[in-house]
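Residue numbers (numbering that gives the first Met the number 0), protein chains in the order written: chain B, 0 to 286; chain Z, 0 to 286; chain E, 0 to 593; chain D, 0 to 593.
Watch out, some of these pointers could steer you wrong.
Claimed, not checked - Here are the in silico distance ranges between beta carbons for each label pair:
id: 1; chain 1: B; residue 1: THR3; chain 2: Z; residue 2: ASP206; range: 53 to 59 angstroms
id: 2; chain 1: Z; residue 1: PRO17; chain 2: D; residue 2: GLY107; range: 34 to 40 angstroms
id: 3; chain 1: B; residue 1: THR3; chain 2: E; residue 2: THR128; range: 40 to 46 angstroms
id: 4; chain 1: Z; residue 1: ASP206; chain 2: B; residue 2: LEU230; range: 25 to 31 angstroms
id: 5; chain 1: Z; residue 1: ASP225; chain 2: B; residue 2: LYS217; range: 47 to 53 angstroms
id: 6; chain 1: Z; residue 1: SER175; chain 2: D; residue 2: ASP149; range: 46 to 52 angstroms
id: 7; chain 1: B; residue 1: PRO144; chain 2: Z; residue 2: PRO255; range: 21 to 27 angstroms
id: 8; chain 1: B; residue 1: GLY18; chain 2: E; residue 2: GLY127; range: 21 to 27 angstroms
id: 9; chain 1: B; residue 1: PRO255; chain 2: D; residue 2: ALA457; range: 49 to 55 angstroms
id: 10; chain 1: B; residue 1: ARG186; chain 2: E; residue 2: GLY127; range: 51 to 57 angstroms
id: 11; chain 1: B; residue 1: ASN218; chain 2: E; residue 2: THR128; range: 41 to 47 angstroms
id: 12; chain 1: D; residue 1: ARG90; chain 2: E; residue 2: ALA461; range: 46 to 52 angstroms
id: 13; chain 1: Z; residue 1: PRO254; chain 2: B; residue 2: ASN218; range: 32 to 38 angstroms
Quick caveat, the hints were computed from the structure, so don't treat them as lab data.
For each residue, glycine too, the CB sits at the ideal point set by N, CA and C.
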Amino acid sequence: MAYTPQDYKSELKPIWCPGCGDYGVVQAIYRALATIGRPPHEIAFVSGIGCSSRIPGYTTAYGFNSVHGRALPIAQGIKIARPELLVLVAGGDGDGFSIGGGHVAHAIRRNVDLTYIVMDNQVYGLTKGQLSPTSPRGFRTVSSPEGSLEDPVNPLMYVLGYGGRFVAQGTPADLSGLTQLVVEGLRYPGFAFINVQSPCVTYGSPDAQLKAHKSSMKNLASLGHDEGNRLRAMELAAEYGRSLYTGIFYRDPEPPPAYEALVAERRRALTDPGASRERVLEKFALR
Amino acid sequence: MAYTPQDYKSELKPIWCPGCGDYGVVQAIYRALATIGRPPHEIAFVSGIGCSSRIPGYTTAYGFNSVHGRALPIAQGIKIARPELLVLVAGGDGDGFSIGGGHVAHAIRRNVDLTYIVMDNQVYGLTKGQLSPTSPRGFRTVSSPEGSLEDPVNPLMYVLGYGGRFVAQGTPADLSGLTQLVVEGLRYPGFAFINVQSPCVTYGSPDAQLKAHKSSMKNLASLGHDEGNRLRAMELAAEYGRSLYTGIFYRDPEPPPAYEALVAERRRALTDPGASRERVLEKFALR
Amino acid sequence: MTTDLVIGMAGAGGDGVIAAGEALMTAAARSGYRAMMTKSYGPQIRGGESSFHLRIATGEIFNAGTMLDIAVALNWDDFLRFGAELPVGGRTTVVHDGAEGAALPLEGVSPADAVAAPIAEMARTSAGTEKAKNTVVLGLLAGWLGLSADSLLAGVRKRFARKSPEVLAGNERAFAAGLAFAQAHPLRTDRRLCETAPPPSPRWLVDGNEMCAAAALVAGCEFFGGYPITPSSEIMHFLGREIWRHGGTVLQAEDEIAGIGAVIGASFAGRKAMTATSGPGMSLKSEMLGLATIAEVPLVCVNVQRGGPSTGLPTKSEQSDLFQAAFSAHGDAVRPVLAPISVADTCRITIEAFNIAEQFQTPVILLSDADIAQRKEVIDPIDPRAFTIVDRRLPNERELEHYARFQITESGVSPISYPGLEGGNFLASGIEHNERGAPTASGEVHAQMNEKRIRKLAPLKARRDLFSIEGDRDAPIGLVSWGSVAGVASEATAVARREGIQMKLLVPRLLYPISEEVYEDFFASVRAGLVIEQSHQGQLFRIIRMFVDVPRGLESLARSGSNPITVHDVLDRVRQMVVAFQRQRVPQEEPTLG
Amino acid sequence: MTTDLVIGMAGAGGDGVIAAGEALMTAAARSGYRAMMTKSYGPQIRGGESSFHLRIATGEIFNAGTMLDIAVALNWDDFLRFGAELPVGGRTTVVHDGAEGAALPLEGVSPADAVAAPIAEMARTSAGTEKAKNTVVLGLLAGWLGLSADSLLAGVRKRFARKSPEVLAGNERAFAAGLAFAQAHPLRTDRRLCETAPPPSPRWLVDGNEMCAAAALVAGCEFFGGYPITPSSEIMHFLGREIWRHGGTVLQAEDEIAGIGAVIGASFAGRKAMTATSGPGMSLKSEMLGLATIAEVPLVCVNVQRGGPSTGLPTKSEQSDLFQAAFSAHGDAVRPVLAPISVADTCRITIEAFNIAEQFQTPVILLSDADIAQRKEVIDPIDPRAFTIVDRRLPNERELEHYARFQITESGVSPISYPGLEGGNFLASGIEHNERGAPTASGEVHAQMNEKRIRKLAPLKARRDLFSIEGDRDAPIGLVSWGSVAGVASEATAVARREGIQMKLLVPRLLYPISEEVYEDFFASVRAGLVIEQSHQGQLFRIIRMFVDVPRGLESLARSGSNPITVHDVLDRVRQMVVAFQRQRVPQEEPTLG
Ligand SMILES: Cc1ncc(C[n+]2csc(CCOP(=O)(O)OP(=O)(O)O)c2C)c(N)n1
Ligand SMILES: Cc1ncc(C[n+]2csc(CCOP(=O)(O)OP(=O)(O)O)c2C)c(N)n1
Ligand code: SF4
Ligand code: SF4
Ligand SMILES: [Mg+2]
Ligand SMILES: [Mg+2]
């Protein structure tokens, strides 16, 4: 049976601000899911808290709009428990790289087969416009009326530094490009990270809006970038905040088995067909 | 007044296992502090929890043996509150890169002037031998009887990825080298990170003991490494776990002002000599 | 004419409903009225529905009132979304836009009292845009309430001063149109406010979060570390603007744990420090609160309560974090919990929180709630010099000779040094430690230290000034209430007493530890009563019972957040109690047979 | 001859003290004795002092005893470090190394009963190394206690089988030397154990953590996510070895938050899942526990309690996390809290924890403590088929047609689907939601959902099988105790009743929610009593009071961790109560004048 994007659109009406970049992201997700074609009930979609984290509610799937910063641990639990599911994770820049920042490295080094989409708007949308970890130095917000004093996080560089094997960036300003990235991420057998420059029209800076993206974005493929070159990917990633590259920064051409595959292998190796749960206690008998 | 290493040795007797690498680390710290020569009461020494995190107790200073993984936030609070102090932070690989891993990036991008020493023994010492985030893939422990299934954290690479401006590695197998690194770290005007390969004699793997270090360590300076080359530093850091480089991987030759300096500047700019705390409330008067 | 009026208004996001409420409030305050306003929004960041609920009165106000005297619906859809937050009844004058038809989609209101005003049309005709609807409403209300048109118009002018002259002129016309309509269609006379005299000095207009932040500065706060969360973020915002001027710092940390971590560091370094958050952040801070308790690090941790559990109802007020405030972290510990009852009270209680933290070297939890934090009040000026500011007990020279940071003193309070002080160095730790700070696993030392850490707080319980009592000293009916809901209990007490019911009310600001004595004294005459609070479980009611033998007739009046507890609800229950007494009295008076 | 003997031994890290204790225990168990052993260590990882406290008896044992009958000090320094954990008294036979001199650095012991054995010397002479000291002690005790030398020697042989033949032979000689010394220097005859018959089938030797992990597997646990922490880590270690065989997974997460996060994910995905930690980890998990409560995700969260607050006393047992278990996270919530009282009980209660979690779709907190977790017990075999295993209530086909995950049913329990089930998809969330899972800010829905989430647990309170009662049904004296300390209360009850005191004991396994009915029934006859627990604050005592009107004479017997509560302490207080009764009775019996 073939699916259409419409099949993944839930009955909840988005309450994002008119013009919010996240509308484009959810469209790209609907389309990508239709391309992949897994039935909605075989998809788990996990998020944290934030404007962006509302996205599972707008998608027909098993959704989990959890708590701020904890989408990745929950998603890993789901995927390990049911490797047959397609597991998507999404959230904001604050959710992923501020409060949730401690989980990213471990999800990557475990290499659980998840696709993690960060809607990076360089601001805290839901709490009404404070500094986010990706806000540029000097950015003025309600929580930094005189401008921030710290360097921003570079999500692309971090993930590459963690050994990420699929690292991409998109923008809803290029919806079909973004859709394709999500498709590639979902197809990648292992942890895939997609940073989406998804403008906040209400609190975001004017030069981070869709219009600006349209004029500034540079497609990596058309620049001739070699997806298999990690060091070059890092050099390009270092330009985060200055250049808006879209496409795949890095894709490990030889993906190792994902974590849940190793788990399955270990289970196979250790499973003792005679082992019954009821007899576990007998270990304690003095012999 | 000149200080001797002995002046920084506290009255508490270390209860580390005989032969533990941490004995060497604390010696290096005593010596480095004597070289720097700040009186003990002007030093704050913060740690988390772990065998390694006992180290402030063995040092004459204002010590804070806090909770697992939270040394960095506490240390930042201290340094921002009293920039005139010398603030040292130390702890284990688990403390720093597992439970505390979410704080490292932010301490670095804030660039508070701290010296952070991780005693990396690739295992959980205090809790008796479980996997640590830096344990090599396949490492067998009480918590991974069949071997770990995930790639280790690479502390050097992470810190470089975070934009760390002073990144070094040492081992108590080269005590004077380690002492010198601590001195350089303390002198560096900004966040400095020193990864110390500090063997756990009780649970650590045999090839991570002092004897092995002595034969395998390679000094970066004598290899002709250029401290100012961040990309080259990353390439060398990528060998973490395979090659034991000691010395300074990267030192930003042009350190920007540290966070607390920016704070001081902002205060100067904003301080209103007429502003009295008592009159703050008057803002609320309807005029 | 009336001395007390409750107005509610709702509309869509762009309608400027809140701005209208603030304009009304400001004009009222200038003319000498008291006022209190709560706001409520839909879940959208932009474009969602919004509403205000404003009470204006000639005398003191303890709560924002419940039932609306005047309800203004810019459109019905948005108005109805607020349900019980904008309650209308038989006595409500409903003002709605005639364009939506004459029918009222409301039950129990009197159609005769409804006014179908062509609000949108007046805005279009006068100002050329529906955006001026809120200005039309200001004109309407100026006319109907008798609020100073000059003052309101001055507000409108100020608001649009920065816009184009056309916009300003349009709004002036819109205001005039509204005013004219009101004059042409007068309401019942009891919708008109009695006149008041302007106050001797200008009153203040402030909300709870601003007050909390400002009071922290008065108390000497030098460091704030926090992480944004509704409905507490404005505390950080205020301090982020102000604290620098006083030599302090605000740190927006990477999460709540780091926020309180930095606060612990700053306080260890000798600075008064604070963090602020709401439920989810409080849960994350538990471990650090335990650390501050055992390491005896002073700090203030504000929890602006919202609906829980978990993310719950982020924008609605609730008082359901009291259990957590008292018992969140593992191990035996007592952390003082304070709660203000109003915006003005937030000033004193915030300063107390700092004083108690510093005096007793303990984390103090300041339990505010979304209602107090977000509501605006017109209050009398507060003289900050009336407050004593307490600083920590530094070691003296003799004590520094053989400094024992955790010395077991008679009071349980030990001398506390700070990095930089010669001779004062010690090891702070979360591990149990002896008097000099050395880690220990001794059961004996642990017992002594537990005892010391809890004993040192004993004087707190004797602080009668952290409780207020209203009403008849020996009344058989006693109410207890706290936080934003206390104002409802207070008004109910006044009304009941006017009805001739003997009763009294206890309002603790110190919620934990429980002061057995204060409650026992209060309960001595009480045979029946209520503990009134905004939670499902009636948390204070339960905590009091832990430590105090309460009167048999003491009951809980508790309700989940966003379900208002009204003066009427309280009176209902009180009246039932009175009836029950009367019934009980009869058999008592019968002659005993046998 | 005696039916019951308590032995304590202490030495330095390398002395093999624990190995000796385990050897004794095993030999005793094989011969048909019951036994219980607690271990205690210094703070060092290696080389620190260590000790065991072992009770051997012919009948059932409820606690590890207190006062030692035989104390073995390999050296005084190490022995004395254990203080109240190895209590000696007038009746204690003290065995020490003669090389340290004859003087006993102990108060209150009888020097006549002391044996200065040349332990180190015997080891050196027989085995050529002091490492064999513990084997010498085994020989000594085999001789003195009358434990089967064959059995002990078999144990020694097994232990050294993998070492060189010389080491093995040396230890055999060391054992013989000890045995010979004992035969040459007999102790008082009441140090000799009465004989027992070997049990029909082999007994089990197991500690609480192992039992908890194994029982989780029996209950159907398929996923464990956790982070190491003393004294709970062995649960993860056990499962890390075993769960794979049953198709499950253990994940060592990056911290406690991620650990429970993964557990929530796995359970959402339809698998029974568990996490385990101790105090600091519990504090970190608070927010996630709140999420699981509102999202109605079943899970078991084990807290092996240690001394708090904060890092506290990581290696010592305490029962001070009960307040936290009941009230940690923000918002109105009830999370069931269960506590086993022994190693054997841990089996049933762990399975109950899973059953309750799955049946009621709730996180369940299993409060173990370091004592139970780390102590070894000889227990009777448990038949796992005796337990019912409960699975979650999946939606049926009709329900899947218009699936409402959070349907407000009569029981409050809603049908729960899992990803992969067609038609069952829904949005789980920490935000308040309606029956279909859609986020809401409605106060009305919030109140209904709070009510549903709490109501669904009501049947729990009627579960009398989660309580045990011993003693005289209508006794005027009633004890309540829980967790590891309940065994002390149990023995005290038996002793007091033998003395003719009418009393009874209630031991809840369900600590929260409080079952008002069970307590009220129990207290009906009670005029005085004690709630006995290992905490400074007497936490269960306080929580009972929250919900139950307790008898006036109910008091708390509570003590910080690592300060043993003994049978003697309980009896003391009970006897005082009896005396007080007698005094009260006199005036009552006086003729009433006037
Ligand atoms: C533990 C916790 N801390 C804080 C919050 C408040 N909060 C909700 S969303 C958010 C940040 C939103 O920013 P981001 O993650 O970038 O998402 P966006 O709204 O920009 O899409 C914060 C701080 C919370 N809900 N829970
Ligand atoms: C919140 C919390 N989680 C877990 C622990 C238990 N714990 C103490 S130290 C430690 C890890 C020790 O490893 P590492 O940080 O590498 O230090 P090391 O002992 O190896 O020096 C753990 C898991 C704790 N004390 N607190
Ligand atoms: S506040 Fe920003 S991120 Fe949130 S919905 Fe509006 S535009 Fe989008
Ligand atoms: S366990 Fe390892 S890290 Fe800990 S003190 Fe011993 S050798 Fe050092
Ligand atoms: Mg954002
Ligand atoms: Mg380590």
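Checklist line | Violated hints, by number in ascending order, as checked against the structure | finding: Hints 5, 6 contradicted; others consistent.
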